[in-house]
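Protein chains: 2
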Amino acid sequence: MAAKKFVYFFGPQGSEGNATMKNTLGGKGANLAEMCNMEIPVPAGFTIATDMCTVYYKNERNYPPELAEQVDENLKKIEAVMGKKFGDPQNPLLLSVRSGARASMPGMMDTILNLGLNETTLNGLIKKESDTRFAWDSLRRFMQMYGNVVMGIKGEHFEQAITNLKNKYGIKNDLEMTVENLKELVESYKVIVKEQTGKDFPTDPKEQLWGAIDAVFGSWMNERAIVYRKMNGFSDDWGTAVNVQAMVFGNMGDDCATGVAFTRNPATGEHIFFGEYLINAQGEDVVAGIRTPQQVTLEGSKKWAAEHNISEEERASKYPSLEEYMPEVYENLCNIYKKLELHYHDMQDIEFTIENRKLWMLQTRNGKRTAAAAVKIAVDMVNEGLIETDDALLRVTPDQIDQLLHPQFVKESKKSAKLITKGLPASPGAGTGQIVFNAEDAAAWRAQGLDTILVRLETSPEDITGMVAANGILTGRGGMTSHAAVVARGMGKCCVSGCGGLNIDVEGKTIKAGDLVLKEGDWISIDGSTGEVLLGKVATETPQFNDEFEKLMNWADNRRTLKIRTNADTPRDAAQARKFGAQGIGLCRTEHMFFEGDRIKAVREMILADDLEGRKAALAKLIGHQRDDFYAILKEMQGLPVTVRLLDPPLHEFLPSEPQQIKEMAEIMGCTEEIINDKIKALHEINPMLGLRGCRLGITRPEITEMQTRALIEAACELTKEGIKVFPEIMVPLVGNVNEFKYQEKIIRETAAKVFEEKGINVEFLVGTMIEVPRGALTADEIAEHAEFFSFGTNDLTQMCLGYSRDDANKFIYQYIDKGILEKNPFRSIDQTGVGQLVEIAAKRGKKARPNIKLGVCGEHGGDPASIDFFHRVGLQYVSCSPYRVPIARLSAAQAAINNDVVRQIKQTAEDAYSKAETTAKDVYNTAKDAYSKAESSLKNLKETVENSELKKTVEEGAKKLFNDIKDKFKKD
Amino acid sequence: MAAKKFVYFFGPQGSEGNATMKNTLGGKGANLAEMCNMEIPVPAGFTIATDMCTVYYKNERNYPPELAEQVDENLKKIEAVMGKKFGDPQNPLLLSVRSGARASMPGMMDTILNLGLNETTLNGLIKKESDTRFAWDSLRRFMQMYGNVVMGIKGEHFEQAITNLKNKYGIKNDLEMTVENLKELVESYKVIVKEQTGKDFPTDPKEQLWGAIDAVFGSWMNERAIVYRKMNGFSDDWGTAVNVQAMVFGNMGDDCATGVAFTRNPATGEHIFFGEYLINAQGEDVVAGIRTPQQVTLEGSKKWAAEHNISEEERASKYPSLEEYMPEVYENLCNIYKKLELHYHDMQDIEFTIENRKLWMLQTRNGKRTAAAAVKIAVDMVNEGLIETDDALLRVTPDQIDQLLHPQFVKESKKSAKLITKGLPASPGAGTGQIVFNAEDAAAWRAQGLDTILVRLETSPEDITGMVAANGILTGRGGMTSHAAVVARGMGKCCVSGCGGLNIDVEGKTIKAGDLVLKEGDWISIDGSTGEVLLGKVATETPQFNDEFEKLMNWADNRRTLKIRTNADTPRDAAQARKFGAQGIGLCRTEHMFFEGDRIKAVREMILADDLEGRKAALAKLIGHQRDDFYAILKEMQGLPVTVRLLDPPLHEFLPSEPQQIKEMAEIMGCTEEIINDKIKALHEINPMLGLRGCRLGITRPEITEMQTRALIEAACELTKEGIKVFPEIMVPLVGNVNEFKYQEKIIRETAAKVFEEKGINVEFLVGTMIEVPRGALTADEIAEHAEFFSFGTNDLTQMCLGYSRDDANKFIYQYIDKGILEKNPFRSIDQTGVGQLVEIAAKRGKKARPNIKLGVCGEHGGDPASIDFFHRVGLQYVSCSPYRVPIARLSAAQAAINNDVVRQIKQTAEDAYSKAETTAKDVYNTAKDAYSKAESSLKNLKETVENSELKKTVEEGAKKLFNDIKDKFKKD
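If you're matching them up, the sequences are chains A and B in order.
Under our numbering, the letters of the first sequence match residues 40 to 1012, in that order.
Under our numbering, the letters of the second sequence match residues 40 to 1012, in that order.
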């Protein structure tokens, strides 16, 4: 059996892989292969497949023997294509080694450049005198990077060596370092390596290569990577690929450059090519944000200069655009980016290097973008005929819609705030908080419930926890493609980067801006959409939506089958939700109305009353309020259904707990504190979650159900008389037994009938139940014979199905996630395996018993995309969520409809199969070709051997005889 | 269509019904019909079917028109058979009207005797002068009974009239009342009826009859009946039948008598005919217990006299047995009882009346019996070849086994107690408690947790609640068949009846016995097996089992497929359970071991420890204790499996709650109270039931799991070395996710492996889980791939599936039962519809994933017969219950095996079908016979008419012509 293929070649003559092989080659490797196939100039290289990563960890970090063979074989191919030799002193091939997982994980994995350099091969780099410095700089860069990433030496040791050297010779800028300086630096690096690791720095290129491969695979399980995957829900099992590629150099002189670009603006989505580059630099310099990069396009460059108050003259001379600097390379780049966007049908994030005016592409991938950009690009691309509306709907994530709903500054509040400075608008949205200077503080302050803005000179992967915890990120250095900017956009967190106007002292925990000195804990506000940094707190608000957003949501509404309702207890919430597109209220909690103003007094009177008379008298004081509440909400939602849930929480929630409050209540109620304390004691429950609440209240105190029904039906009658359409749905909570429902339904229908008679009018209404007790789900067929609708209360259903008290489970739930026992928090996203079974069972049995039953969800899962997909699949008719999640739910529901569209799935499967077949065919062809060429040469050899041999005659005769024998045999048969 | 048949006749010539028709005719009616079919002398009558009761309540207490027709028709049949006419002044037919539901409900329903009497028909009763008094006495009895039961007049009005009359004439005894006295009494009764109801007492017999029928149907829904049904789990839908039967009189003189008998001794089960009778009395006199009845058999009579210190001379003259008094009637009765027992294959409870030396049977039914009697009779009947062992196993209820396990007096304690008096041993078992004098007090005292003995002159159905609440019942009057005796036996409550030696003043709340005066609240002890009444508290103990019991349990063990284990946490419990037949420990709760002695200190140290080191140090102090505990339990259960559950309760349960305790703990632990209070606060949970407990403890604190596993495995190794067989099963509690189980299993197996290595020995053990979280049940297939056994924790499963906190649900659960929302307490008997589904799902999926998985139950439902039947049906392998319920579970499991035996079910179905076919055939035959006789007489009439008519010729000619026409037609065709 042939050894398993772990290594895939790519190069100008074509690749063994392609873009569909992301799972095997990682995103980067697959796209490099694809670009080669598209005849785009890419330095040759090979990809070690992600399978290897899995094998590596399964075998306790060991490789199978065939890997070395395959690596050697492919290394030879690179040498052949690039015309250089790995480790050759005259014409050395240098390599970059990069990680590349299935999905992009920016900054999470480690990269090595210039691999293969040592003091011998270094000479091979020097073609002309001016290359000497470049060669030595490359070596010291390589040693620094390799020493840090592969050998685990802290970067500060190398930085210190540079500082020492600079001090020694009075050097201010890195570029001032001479060849001699660099040689001295290389010597001191050797000492550092020896000191820190007890080993010499490896000079053998092969040893360097395997060290780097080890480091890439090893980094898959480093803490940052694990955290990032957990944060994004990526599986540990995916593994990373390793991309080994011939180096090209953007730092070999002024006819060299390196850059990063987006085929459209990643912040706004505008259809404008957008990129940054650095002359005479390596790629890492751009990403690290240490030097301020120049714009690729002329238009971009002019705009940038205007934003930075730089004169056109200064700009053109000091910061020319690539369009001006190397027009022919620019044109080439433009052709490539257009080709790529057309090919990938999506905005691309590309990396390029220009070596002696030759353009090399080092990466292409679907570009990360802000929420606003995602919407605009998706809608634009449909308008451009590049994608279908379904594609557009899948291009925007529900999280991005969430970001669009994120606060922006209230204009007036912003006007009155003092502008401190302006940086780059790196990630949109507004944030306000207290200044902290490192990730640990950001996390610690957050844990105390404080709002922070994380201020750093520049960020690195170590800062991610802090970035998550902060309300916004402000950096002193770095461009739009710096680490801070990219990560913040991904998180939907606002970020202002490259704030050169601030003098940030991270150690001393101060920021100076002219005379102004800010300390840790001071309030600032940042606007990631404009780059503004403001003093103090600025009020925020939710943005209005633009046309593209409306268009996208319109497509979503047409595509989805799930209706979206909202959970709203007030007319204000109801109005907000309607604006966001809610198609009804799925959950109106009546208990919230019990707390307002002097109503709580009547509620408490009811609780304290000794007998039914007393309780009814107290309820009589409440009914007017409830009717008014219902009136206002029904009016707001006219024409749309409103599901009103009967009183749900245990009565003790309406009583005070603190002695002072009890005293006050006693005074108000005109009774002794003892009476109140006795009542509190009597109502105390060990497990209130499983106690006297929900319909158990309405059954033990039917007068409450009666009052609430009367209030609602009276309001409905009144509105109907006014000519306003109402669709009330009365919902009985916590039903676990059909008899509970029947008992409550009887009271509701009798009360409604009485009101109708009194008012002389009839209003249509439904009576249904929440399914939130496991038994309710299991006996849904019985319940559906009486209930006209089910609304799944997935919060309580989760609590009871899993046995997790929501109030207490945080004590173990996060440990469970850390230990891999739970994949995610089941209160955020529905546990499809467990709780999902109950929902599915109940939906199925409910529909069987009552085919036209209405089925919805009103738990918080109703606003969670993964849960919405599940609810779509089990055939619910609507989800209900908080007003601000309504747009998210609308998009999620559309995505659920698309993703579960059978026709679409079949099409996708067919496309996948075709592409696999194509790959296989290509493989077979290549194998056959190889075999043919091998066979040809073998035959040739054999022929020669035979022809030259004494045996020729014997063989010829033997062959003839054999031929005749066979002929005879055929004749016989 | 023929009108529905509601009325079924029975009489000496045979019946329309039979014993299999209990659902239609009620128990009494079906057995009366059966006796008639057996040619046993029964006064003719008819039964209005239970269907009528259902129709009656559905039609708002109205009858369909056909009922009156059917009643009239059958009344005529009775008149024909008995040779008397209803309402006839010369020879009046009098009737009894009795209720009769499917199952016997003693004292619950109302009875009317002598119906049809008025001042006119009364004369027809008087055949000779001596009958005059009997006739008037019958009338006043009838008026009193009818006035009370049908017209709703309180009995005390009539009693008062008697007292007044007695006082007026200085009469002491009822029997002294003369005809004139009785006439005066009748007049005063008329006045009472008029005063109390505003209506005259009905004199029309028909009106009387329909009033009585109404009263019987009406009584089905009286409160006593509803309470009794609820207590016994009978459905309200069954309905009662009404039995209308010709009266026979046991009170027409000294050649008349009435009595009640059991074919075997209902207290001991001895194979001895046992009965009581009264000369010149009506049946109600025996049951009411007002007169002390005489014994039916001579042997019984002699024994009775000895017990009551009555000389043989006095006995023979004043209290002769029926055997002596009317030998030929006695012989007749003996033949009948033997025939009945042989026919019904069970001990019969019979009622008879002797009217002028003619024996009439009024009722037969399977006799109620004590638990001991049930066991003895069942075993004896198998030995006699009367029934099969399966029948015997079904003859004893698990409740009766429970009664047998009830305490009896400790001999020494009893010896030193003062005997106050002796009554009849009416219901066995020993009881001790404080004296109360009425049912309300008994209930109220019970509610306060007090033990009571209910002392009454005699009991009536109104006393049932009190009888349930009390530890025992003591009555001043009434025999072995009195209300108190019958009901107490049914309840398994000890009762001493007919305690003539006590002067009981219920109103004054005192008992006098000679010089001794007892007041409310004084302690007494009663022995229902001996009739002894003892002063003060006497210690009780559980009885030893006799041979019959052992034999029955042996049959049960052979019959059942479910194994019975026990829940035991101590060697003592384990030993007790083994004696009761436990086949292993299904649940050993380790947390109980944490509280004992100074262990709690170490537990608290562990809780307070800041780090793993501290926790491990604390656990090190516990491990020795746990190992010793496990050693002792495993040793006790040698050869049997022992399931040890890892620590389950939330840690806060191990901390004190009261300030004083906290202070003490702080002193012991050498820390501040603040530290402890902080810890208490940190561990506080809103819903501890759904909090950090079960395996969540072992996952967040793996060192506990490690310690417990080590303790158990070390003990197991030690015993194995000593040559003692051990089968430990380690049970992980509260698993809802397979990953929880895997996490714990890993620790357990690794720890065990370490111990085995240390000890140089291997012990087989299983690792399994409790299924007590709904999600655990729903994902049982996943869990079973790793868990070697499931033990259903149906307590928690019920809590979570229903959302009922066991600690809090009492606030609504009883209201739910009252309102018909719940049928029974789901914590007592498993909710098969809801929780049952989870058990079934888990069992099925568990077996699918691991065909040899062990499945058991360790919730309290493991000792509940109905639940055991369910567990048998879903295919579990064992149930585990508390030691004292093990014998109950053994029998229940056998009954489950029998009741679910398919072969048996088929046989039963075939028998039922045969019997139905027989009935149908008989019906068809009777209908055909009727039709034939009707047709015959019609024909005769027609013939006569035609022959005598002028039309004869015309008709004959017409017929001839018609005949010829037809003939012609045939020819043509």
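Among the hints, erroneous ones may be present.
The list makes no distinction among identical chains, and a pair is therefore deemed to hold if it is satisfied within one copy or across any two copies.
Derived lysine-lysine pairs resembling DSBU-like cross-links, with alpha carbons at most 35 Å apart [what the hints assert, rightly or not]:
{"id": "1", "residue 1": "LYS798", "residue 2": "LYS397"}
{"id": "2", "residue 1": "LYS124", "residue 2": "LYS229"}
{"id": "3", "residue 1": "LYS946", "residue 2": "LYS123"}
{"id": "4", "residue 1": "LYS968", "residue 2": "LYS720"}
{"id": "5", "residue 1": "LYS999", "residue 2": "LYS548"}
{"id": "6", "residue 1": "LYS863", "residue 2": "LYS886"}
{"id": "7", "residue 1": "LYS883", "residue 2": "LYS781"}
{"id": "8", "residue 1": "LYS887", "residue 2": "LYS863"}
{"id": "9", "residue 1": "LYS640", "residue 2": "LYS720"}
{"id": "10", "residue 1": "LYS640", "residue 2": "LYS858"}
{"id": "11", "residue 1": "LYS115", "residue 2": "LYS883"}
{"id": "12", "residue 1": "LYS407", "residue 2": "LYS863"}
{"id": "13", "residue 1": "LYS207", "residue 2": "LYS124"}
{"id": "14", "residue 1": "LYS863", "residue 2": "LYS946"}
{"id": "15", "residue 1": "LYS893", "residue 2": "LYS858"}
{"id": "16", "residue 1": "LYS116", "residue 2": "LYS211"}
{"id": "17", "residue 1": "LYS887", "residue 2": "LYS269"}
{"id": "18", "residue 1": "LYS454", "residue 2": "LYS760"}
{"id": "19", "residue 1": "LYS702", "residue 2": "LYS558"}
{"id": "20", "residue 1": "LYS720", "residue 2": "LYS453"}
{"id": "21", "residue 1": "LYS863", "residue 2": "LYS893"}
{"id": "22", "residue 1": "LYS955", "residue 2": "LYS793"}
{"id": "23", "residue 1": "LYS211", "residue 2": "LYS955"}
{"id": "24", "residue 1": "LYS116", "residue 2": "LYS887"}
{"id": "25", "residue 1": "LYS269", "residue 2": "LYS342"}
{"id": "26", "residue 1": "LYS718", "residue 2": "LYS269"}
No wet-lab data here; the hints were simulated from the structure.
Taking the hints in turn, this is what the structure says about them:
When the C-alpha separation of LYS798 and LYS397 is checked against a cutoff of 35 Å, the pair qualifies neither within a copy, at 86 Å, nor between copies, at 73 Å. With identical chains, the CA atoms of LYS124 and LYS229 are at most 35 Å apart within one copy only, with a shortest distance of 25 Å there and 131 Å across copies. For the homomeric pair LYS946 and LYS123, neither the shortest alpha-carbon distance inside one copy (45 Å) nor that between copies (94 Å) is at most 35 Å. Taking identical chains as interchangeable, the C-alpha atoms of LYS968 and LYS720 are never at most 35 Å apart, the minima being 87 Å within one chain and 75 Å between chains.
Neither within a single protomer nor between protomers do LYS999 and LYS548 lie at most 35 Å apart by alpha-carbon distance, with minima of 95 Å and 132 Å respectively. In this assembly of identical chains, LYS863 and LYS886 lie within 35 Å of each other by CA distance both inside one copy and across copies; the values are 30 Å within and 29 Å between. With identical chains, the CA atoms of LYS883 and LYS781 are at most 35 Å apart both within one copy (21 Å) and between copies (32 Å). Within a single copy, LYS887 and LYS863 get their C-alpha atoms as close as 32 Å, and across copies as close as 28 Å, so both meet the 35 Å cut-off.
When the C-alpha separation of LYS640 and LYS720 is checked against a cutoff of 35 Å, the pair qualifies both within a copy, at 19 Å, and between copies, at 31 Å. In the homo-oligomer, the alpha carbons of LYS640 and LYS858 lie at most 35 Å apart only across protomers (31 Å), although the nearest pairing inside one protomer, at 48 Å, exceeds that limit. Within a single copy, LYS115 and LYS883 get their C-alpha atoms no closer than 61 Å, and across copies no closer than 59 Å, so neither meets the 35 Å cut-off. In this assembly of identical chains, LYS407 and LYS863 lie within 35 Å of each other by CA distance solely inside one copy; the values are 24 Å within and 61 Å between copies.
In this assembly of identical chains, the alpha carbons of LYS207 and LYS124 never lie at most 35 Å apart, being 38 Å within a copy and 140 Å across copies at closest. With identical chains, the CA atoms of LYS863 and LYS946 are at most 35 Å apart within one copy only, with a shortest distance of 31 Å there and 56 Å across copies. Only between protomers do LYS893 and LYS858 lie at most 35 Å apart by alpha-carbon distance; the minimum there is 29 Å, versus 40 Å within a single protomer. With identical chains, the CA atoms of LYS116 and LYS211 are never at most 35 Å apart, being 43 Å at best within one copy and 130 Å at best between copies.
In this assembly of identical chains, LYS887 and LYS269 lie within 35 Å of each other by CA distance solely across copies; the values are 33 Å between and 40 Å within a copy. Taking identical chains as interchangeable, the C-alpha atoms of LYS454 and LYS760 are never at most 35 Å apart, the minima being 48 Å within one chain and 85 Å between chains. Proximity of LYS702 to LYS558 under the C-alpha cut-off of 35 Å is found in neither arrangement, the shortest distances being 45 Å within a copy and 45 Å between copies. Neither within a single protomer nor between protomers do LYS720 and LYS453 lie at most 35 Å apart by alpha-carbon distance, with minima of 51 Å and 43 Å respectively.
Both within a single protomer and between protomers do LYS863 and LYS893 lie at most 35 Å apart by alpha-carbon distance, with minima of 29 Å and 32 Å respectively. Taking the shortest alpha-carbon separations for LYS955 and LYS793, neither the intra-copy value of 69 Å nor the inter-copy value of 50 Å comes in at or below 35 Å. In this assembly of identical chains, the alpha carbons of LYS211 and LYS955 never lie at most 35 Å apart, being 56 Å within a copy and 112 Å across copies at closest. In this assembly of identical chains, the alpha carbons of LYS116 and LYS887 never lie at most 35 Å apart, being 65 Å within a copy and 54 Å across copies at closest.
Taking the shortest alpha-carbon separations for LYS269 and LYS342, neither the intra-copy value of 39 Å nor the inter-copy value of 87 Å comes in at or below 35 Å. Only between protomers do LYS718 and LYS269 lie at most 35 Å apart by alpha-carbon distance; the minimum there is 31 Å, versus 47 Å within a single protomer.
Checked against the numbered hints given earlier, the structure breaks hints 1, 3, 4, 5, 11, 13, 16, 18, 19, 20, 22, 23, 24 and 25 and satisfies all the rest.
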